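J.: Sequence:
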Amino acid sequence: MKEKSIKANAILNIIRIASSILLPMISYPYISRILGPIQLGKVDFATSIISYFSIIAGLGIPNYGIICCSKVRNDRYELKKTVVELLTINFILTIIAYIALFLSILFIPILYARRRVILIYSITILGTTIGIDWLYAALEDFKYITIRSIVFKTISVVLMLLLIKNQKDYILYEYILVFSTVGSNVLNFIHARNLVDISQFKNIRIKKHMLPIIMFASASVAGTINANTDTAMLGLLKSDYDVGLYGFAVKFKNLLVNLNNAALTVMIPRLSYYAGQKKMKEFEGLLKKAADSVMMIACGIPIFFCVFASETTIMLGGKKYLDACPTMIVLNLCVVVLGMTWVMGVGVLQTFGRQGLYAKTMWMAVVVNISVNFILIPKCGSLGAAVATLFTELFNAFMFYIYSRDIIKKCIHWISYSRLLFISTTTSFFARWVVSYLNCNQIFKLFIAVVIFGFIYGGSAILLFKNVRDVVIQIIIRIIKNDKFG
Numbered sequence: 001m002k003e004k005s006i007k008a009n010a011i012l013n014i015i016r017i018a019s020s021i022l023l024p025m026i027s028y029p030y031i032s033r034i035l036g037p038i039q040l041g042k043v044d045f046a047t048s049i050i051s052y053f054s055i056i057a058g059l060g061i062p063n064y065g066i067i068c069c070s071k072v073r074n075d076r077y078e079l080k081k082t083v084v085e086l087l088t089i090n091f092i093l094t095i096i097a098y099i100a101l102f103l104s105i106l107f108i109p110i111l112y113a114r115r116r117v118i119l120i121y122s123i124t125i126l127g128t129t130i131g132i133d134w135l136y137a138a139l140e141d142f143k144y145i146t147i148r149s150i151v152f153k154t155i156s157v158v159l160m161l162l163l164i165k166n167q168k169d170y171i172l173y174e175y176i177l178v179f180s181t182v183g184s185n186v187l188n189f190i191h192a193r194n195l196v197d198i199s200q201f202k203n204i205r206i207k208k209h210m211l212p213i214i215m216f217a218s219a220s221v222a223g224t225i226n227a228n229t230d231t232a233m234l235g236l237l238k239s240d241y242d243v244g245l246y247g248f249a250v251k252f253k254n255l256l257v258n259l260n261n262a263a264l265t266v267m268i269p270r271l272s273y274y275a276g277q278k279k280m281k282e283f284e285g286l287l288k289k290a291a292d293s294v295m296m297i298a299c300g301i302p303i304f305f306c307v308f309a310s311e312t313t314i315m316l317g318g319k320k321y322l323d324a325c326p327t328m329i330v331l332n333l334c335v336v337v338l339g340m341t342w343v344m345g346v347g348v349l350q351t352f353g354r355q356g357l358y359a360k361t362m363w364m365a366v367v368v369n370i371s372v373n374f375i376l377i378p379k380c381g382s383l384g385a386a387v388a389t390l391f392t393e394l395f396n397a398f399m400f401y402i403y404s405r406d407i408i409k410k411c412i413h414w415i416s417y418s419r420l421l422f423i424s425t426t427t428s429f430f431a432r433w434v435v436s437y438l439n440c441n442q443i444f445k446l447f448i449a450v451v452i453f454g455f456i457y458g459g460s461a462i463l464l465f466k467n468v469r470d471v472v473i474q475i476i477i478r479i480i481k482n483d484k485f486g
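Mapping the sequence shown onto the working numbering, position 46 (from 1) lands on 46, and the numbers just tick up by one.
It should be emphasised that the hints constitute simulated quantities derived from the structure, not laboratory data. Every value quoted in this text rests on a predicted model; they were computed, and no experiment measured them. Treat the hints loosely; a few may be bogus.
What the hints assert, rightly or not - Mimicking DSS-like on lysine-lysine, the simulated pairs with C-alpha atoms at most 30 Å apart in a straight line are:
(1) LYS168 / LYS319
(2) LYS71 / LYS320
(3) LYS168 / LYS42
(4) LYS360 / LYS281
(5) LYS71 / LYS278
(6) LYS409 / LYS279
(7) LYS281 / LYS320
(8) LYS208 / LYS81
(9) LYS320 / LYS445
(10) LYS165 / LYS379
(11) LYS80 / LYS207
Kindly produce the complete structure, drawing on both the sequences and the hints.
T.: Pasting the structure below:
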């Protein structure tokens, strides 16, 4: 297979992630005002519950599929067999997941009481299975992924603005969320026939994949528990209002996380390929670029939104969500830690065949997360859940560093990252001081602050990182060469 440009893939993925940020910024302020924290809390509770059954259906295949298919992508026959085998396992697990879901709804009273919203969102379990995103990522087909994502997100936003009119429309809102996922995944399944023949289900080697899938599944189960325990425990121990506030803050945090991981995501298939081929020089060189790219964002944007949390909250959700500001600040700090956690955990441990250590850490983190949540949620509500998440991510970062330090210490620049944190913090407060003298609305003040922050912080990143400087210089050279007036 022809090796695709990582820079082009990174740009495409950043465009995709940017659309996932900008389009919800159009719809979510409207939706949050119309539905309110309680109704959104019901939908968030359903999505949290379904995520557990999605673990059963996926069982680590999304991550394993990317790494496994990346290593054989130049062998068309082996790639086809691998896809067929993984898809077969995925369908069997999906059936098991639905059986477990139906039994849980029948025998757990709180799930039975909310069965309607849970069953509606359960459609996404099958949708995710037929989506086979792991194949597209392994083949680095980010152009198709980007176009598909933007189209369906745009349609969903339009439907929300046209159809959601009052609080009773939260079910309709949930259907639109399902459509945005399942619709694009149906197209994925159809389009996959152009990439690899998935119709020949013969000589399937299920046993070959079971051990690595179990290792990835173990980590995936732990990761999903960590990601959803706070929301589920809030729903059980507190109220829909607390869940709604927390869900609001989590959605914003997830947008930052996705933006933060945009560059690394496109590098995972190539890192897996280099690791599989034992090309350590190329692996370490690419990992350096990944770490610098991720931390440049992680040390900057989340800090800015911590300083401007109240303005961001009012813009996205209105004043009735101001109680979510402390929670948003703590979760934004999680994004800073998650940057390096992602590089060490996924970039090194998973691609380098250390899934056992990755899974071990994730399960220890589950114990930490649940324990801290039990202590803090009854007293502090959504803020307590956010603090538990931050504590858990710090634990993950420490353990991942211990297990990956033989490789990661050659590829990271701790002093540069510390400088970025200092610059982003001082620049954010400087921007806040400047806009405090402006006599205009909050949205315009936030825009001016973003411009000030972007100019100063972006310039600092260019000076600190050679990789960033090289990219900027290449862009300038291309512009000069293509200048018709030159």
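J.: Name the hints, by number, that the structure is in violation of.
T.: The structure conflicts with hints 2, 7, 10, although it agrees with all the remaining ones.
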